[in-house]
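Asker: In case you want the letters, here they are:
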Amino acid sequence: MKKTSITRKIFLYLTLSFLAVIFLFPLVWMVMSSMKDDFQIFRDMTSVKAFLPPLPNEVDGGYLQNYILAFERVNLLKYIMNSLIYTIGIIIFGLIVNSMAGYALARFNFPFRNFWLAVIIATLIIPPESIFLPLYVLVFNLGWVNTYTGLIVPFIANAFAIFLFRQFFLDFPKEIEEAAKIDGCSQLGIFVRIIVPLTKPVFATVAIVLFINHWNDFLWPLVVANDDSMRTIQIGLQFFMNQQPVQWGQVMAALTVATLPMLIIFIFLQRYYVQGLAHTGSKN
Amino acid sequence: MRTHKRYSLKTQEGKEALTGYLFLAPALLLLGIFLLYPMGTAFYYSLTDFYILRPNEKNFIGFENFQMIFGDAEFRQAFSNTLYFAFLVVPIQIGVALGLALLVNKKLRFKVFFRTAYFSPVVMSLVVVSILWTFMYNPNEGLINEMLSLLGIPEQPFLTSPDQAMNSIIVMSVWQGAGFQMMIFLAGLQNIPNHLYEAADIDGATTFQKFLHVTLPGLKNISLFIFITITIAAFKLLVQPMIMTQGGPLGSTKSLVYHIYEVGFNYRDVGYASAMAVVFTIMVLVITIIQRIAVKEERG
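Going line by line, the protein sequences match chains W and V.
Quick note: the first sequence uses my numbering, first residue 1, plus one each step.
Quick note: the second sequence uses my numbering, first residue 1001, plus one each step.
Incorrect hints may have been included.
To be verified - Pairs of lysine to aspartate or glutamate, EDC-like flavour, derived with a Cα cap of 16 Å:
1. W/K49 - V/E1146
2. W/K78 - W/D171
3. W/K181 - V/E1146
4. W/K181 - V/E1013
If you are wondering where the hints come from, they were derived from the structure by calculation, not from laboratory data.
Start from the sequences and build out the full structure, keeping to the hints where you can.
Answerer: Here it is, written out as structure tokens:
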């Protein structure tokens, strides 16, 4: 009896470890290769050295050589700045616009309220991939191609975010607002000074979801920001990958840099992200 | 008239209605302009011969574009490629995600480590993993062929072979995405009340019986949600083939959205691309509706 449970345990941990290797080895290879020159990447590939950092005597220009060269070869810094402007722009305007809409749908009585809620939920079904062409024509006619406006404005309003805010505000006790109303606070005042500070977690969740979605965005930046000075990091990576001759180590360095912001978010803000995930899952 | 009277601005209700609309207006306007209006123009363009280089010569041509779709061999190939991708990715990814969630949900040492390891590919963008795996799949000096050769398996062509390219993309996609659904399954597993398992223990249920009669029913809603989101995401396949294979070799990885992109942006045939986009939208809608009905019937 006891023996079988021990073999079982060993088998369980072997399975878990094997799976961990499967899921981790590409990541480890990427980071380790970003510190090696191409000759060493190929030489190490035949052994376990592929997943180990290079020895100090194996790197001529220092561990960060590929990073420096990658930033020199293409405009990586500009791409990262563009991505930051794009994502942070959407987050700032998105939090304002969507939280106000969610608050209106949760708290105020007005004609056609349920109709608008239904319309907003229905737009969730429209795949963005099916409208990018007419959206491009629209943005082109507005003269917004290769501008931050063209990148940001179409994605400020977000039905999912509105819905998330609405659900959160519905669960929020009404009494606090009523007390403020009696004290003569305006609706906007109540929202800005009382609701927002007390519901920071939902703002954090929405901000993180928006950041992740748009940091990783590909199709829209690809069509609307085709000038090199407007490329976001994802588009820049694709461009860099196709620059001949392909420098594996430098591309690996660029991939690592592009992943860093996401990594930081997951390490420090995982709690909010998982909350958002759980919320999405349980609501459907 | 009645509404007008009831919502006069002098009354309390009237003021509340006005404030409500002021709060809602920015979002509604933006959604209208940048989502609903393009949706409408997509339908309109699909009935015209709109060509980007001569925008002023738009002619109404009825359903000609839609008729063209049926004779378009490239569309048919893109359509069947997308179906193939979805039919394989959806069950495999759900299976892997559920398996991982069940493993990680046990009482374990290093639980956080294992969970984080399985989730880690989600942290990388699709572009990043596509570039990384293109290097790994390299037929001559790629990491995967080097690892296979240690096991005595001969070199595989992977992305350079029409037979293996789509399967290679499928493996990568499951690897990248499963950790995300694992987290959602985990949340679902933790919501199953413990007393159900205790009751099953008292009845002398085996581990497998408990899985079949307690775990699976408890995960039903979450599984349907995951099923819908993965299916729709699979139909939107674009980034992987665009970066890894450019739709090749021999069009074996060209997806629907990729085909629409090429016709619209490379050939500038907005009319025809819009018609295909409309067909694509209807497909996604049909999938969503069928699955919603299935959910309702299960519950009813």
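Asker: When you check the alpha-carbon spacing of W/K49 and V/E1146, does it fall within 16 Å?
Answerer: OK: W/K49 and V/E1146 at ~12 Å, within 16 Å.
Asker: Below or equal to 16 Å on CA atoms is what counts here, so check W/K181 against V/E1146.
Answerer: violated, 70 Å
Asker: Going straight from one Cα to the other, do W/K78 and W/D171 come out at no more than 16 Å?
Answerer: violated, 42 Å
Asker: Would the pair W/K181 and V/E1013 pass a check requiring their Cα atoms to be no farther apart than 16 Å?
Answerer: holds, 15 Å
Hint compliance for this structure: hints 2 and 3 are broken, all remaining hints hold.
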